[in-house]
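Just so you know, the sequences run in chain order A and B.
Each residue of the first sequence is one higher than the one before, starting from 0 at the first, in numbering that gives the first Met the number 0.
Each residue of the second sequence is one higher than the one before, starting from 0 at the first, in numbering that gives the first Met the number 0.
None of these hints come from the bench; they were simulated from the model.
One or more of the hints may lead you astray.
Copies of the same chain are indistinguishable here, so a pair counts whether it falls within one copy or spans any two.
[As the list claims (entries may be wrong)] DSSO-like cross-link-like pairs, simulated, lysine-lysine; straight-line CA separation at most 30 angstroms:
1. K202 x K149
2. K118 x K196
3. K363 x K47
4. K397 x K170
5. K397 x K10
6. K7 x K189
7. K115 x K209
8. K397 x K34
Number of protein chains: 2
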Amino acid sequence: MDLEFISKLIKHTDTKIVMLVMDGIGGLPRETDNKTELEAAYKPNLDKLANNGICGLHLPVGHGITPGSGPGHLGIFGFDTKKYQIGRGTLEALGIDFDLKPGDIAARGNFCTIDKDGKITDRRAGRISTEKNQEICKLLGERIRIPGVKVFVETVKEHRLLIVLRGTGLKGNLIDTDPQEIGAKSLEPKGGPGSEKTVEIVKNFLKQTKDILSNHHPANMVLLRGFSEKPNWPIFPEVFGLKSAAIAAYPMYRGLARLIGMDLLETGQTIEEEFKTLEENWDNYDFFFLHIKKTDSYGEDGNFDSKVKVIEQVDGLIPRLMRLNPDVIIVTGDHSTPSVLKSHSWHPVPLLIWSKYCRADNVKEFGERACITGGLGPNLPAIEILPIAMANAQRLEKFGA
Amino acid sequence: MDLEFISKLIKHTDTKIVMLVMDGIGGLPRETDNKTELEAAYKPNLDKLANNGICGLHLPVGHGITPGSGPGHLGIFGFDTKKYQIGRGTLEALGIDFDLKPGDIAARGNFCTIDKDGKITDRRAGRISTEKNQEICKLLGERIRIPGVKVFVETVKEHRLLIVLRGTGLKGNLIDTDPQEIGAKSLEPKGGPGSEKTVEIVKNFLKQTKDILSNHHPANMVLLRGFSEKPNWPIFPEVFGLKSAAIAAYPMYRGLARLIGMDLLETGQTIEEEFKTLEENWDNYDFFFLHIKKTDSYGEDGNFDSKVKVIEQVDGLIPRLMRLNPDVIIVTGDHSTPSVLKSHSWHPVPLLIWSKYCRADNVKEFGERACITGGLGPNLPAIEILPIAMANAQRLEKFGA
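Using the sequences and the accompanying hints, generate a full structural model.
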């Protein structure tokens, strides 16, 4: 259901919704016993939730489509992932949890090496260390001055950096200056309609950068890609009428939550600390996005057993969640990350929604195959999760008389 | 998922996909034992594929819609059948495997009988024999001359023929000349915007035809219907990045495959010969469309037992398919043709997709009712089959980062 339709039906009550996202939770069966990670895990508490809840599998983007973290999360937050696409520069900003403001222009950057004629000899400046990167970014940030514009030069990792331009009347419709080719020169900044001012600023930025870095071989120039404006999207707490908080240890997910207007809660690096943050902030919000990263990381590593252990660890913390007496619990992932594939995949993602009024189905267990016959079906579009949760929280008015 | 979206995610690998289409495979239970044709068939190999694969039923066009062969196949090839509609003239050309070129205008024709005042006395010219039809078509093809245009006059069957106009600047937006009424005169050619040139050509064609056939009573005139241009559609091998071959014994299916750019492989009339063609061409293609006609023909005849036997024959050839070591196998039909109804029907069509990474569901058997609880769901839109198969073949990039 589209956000505009839903937002007209919002009703305010004091119910609370928890969305527990185990990143990349969906899996594939291992050879030894034909069980997926979820099926192999000992998880009595999640199974009990499934037993008392309504289950299914959701499709983050569409059939056959493997989602990145951006679309994967936007889908379960109710945003149509084909309509709301994040520019590469913006995504890089989210990845380091940079607080983009409306009108900001972000671009991904590479430190590179150029010769005396300006020709690129190494597009990654010999993959300089992150420490070296930080040193140069600091230097550029201190020295570059462009009238009327604030320039942020932020380290990402190794040779990668983020540039953010903050000012008025800036546009993100610029082409890359990175020719993606050794021996070529960096491309002149160019852009589409209305981009003249931004093009001049980027030219100025690159000229100053070249001067400042002239003695910093191998990182003596910067190539820019994926210019994009901070998207002007609907705000999650406004659309759904939910005072919303994100509990996430990793910057990308904090960035995504911030992009759609959730509050970010300070938390630790462990799952236990994340649950503690939930408890401590329980009275202050209507909606909690609780993000567990390690299911995905171990999936990407092909580490079946460790992914299972993370699921079991989360399961062990479910009683603490239940003691908070939430009205609606959503347990799912943003996509599948089968250990067998060591990567994100297109497979539908196990989903359970629990509430007092969910109309429990016959699914007794939280697993890929058990969920197929659940009441939410084997292919629920991800954007339908929030409306269902909202209904279960009795936060949606009747449509029509 | 729409073709444009998918085509942006295409990745090239050396995996192979086989789409085995048993035309009209879906059925209805017979009275004696309440089994459908698929359920009654002894088919251990297809059941094994279902057991190790992911199953469901697909909807070729939509709920309640009985598809013709055109939309039935276009759907499973990933084309939105409401957007990509084939004109009647074009369909007639496909039906005799006429090689339409871009810009060609095709129309269906009937030989008819007119009296001396030009009034139609028999719209089908006494259903002349196909041999007679061939004789007259040859005569017309040899004698009709229109400057700047090549005219093809092709026999279809009995009183039915195909006219194709090949030239530049032709349009298909002409109304029928067939008044569909005895005692009326053939209608004057007329058309929409930009059709002036084509209208003059058709007038010229009909004038010459009338002169040439004046002594050929009862087939002394031609009525034209369903003018249409060769559609300018996306090319299947380009959209999906698959070198694609069609193995089909019947002209209509060869025509459909050719229309979307598949290569046509020479094959025989038997199913065994079709499998042989598959084996012989295995190394040269990424995608094979293997079409079995007889399931539909026997369904149309109301011959339950023979439809069962065709399924059993296909089943017996599955081990030869498996020995080729395909990466992805799709087994389905283009629509249902229940013997009980002796016609195409609206019922969803059994579907199985097998691959190493398909995430097998709990379906143990390939049948209408067994597939309902499969992971692909009971109502998968047909256009989603190809994206899922492409994902299983690891031929789709991640969407978003």
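Consistency of the hints with the structure:
1. K202 x K149: within (15 angstroms within a copy, 59 angstroms between copies)
2. K118 x K196: within (26 angstroms within a copy, 57 angstroms between copies)
3. K363 x K47: Both ways: K363 and K47 sit 7 angstroms apart in one copy and 27 angstroms across, limit 30 angstroms.
4. K397 x K170: between (41 angstroms within a copy, 27 angstroms between copies)
5. K397 x K10: Classified as within; 10 angstroms inside a copy, 37 angstroms across copies.
6. K7 x K189: between (41 angstroms within a copy, 24 angstroms between copies)
7. K115 x K209: within (11 angstroms within a copy, 81 angstroms between copies)
8. K397 x K34: between (42 angstroms within a copy, 25 angstroms between copies)
Figure legend: structure checked against the earlier numbered hints; every hint is met.
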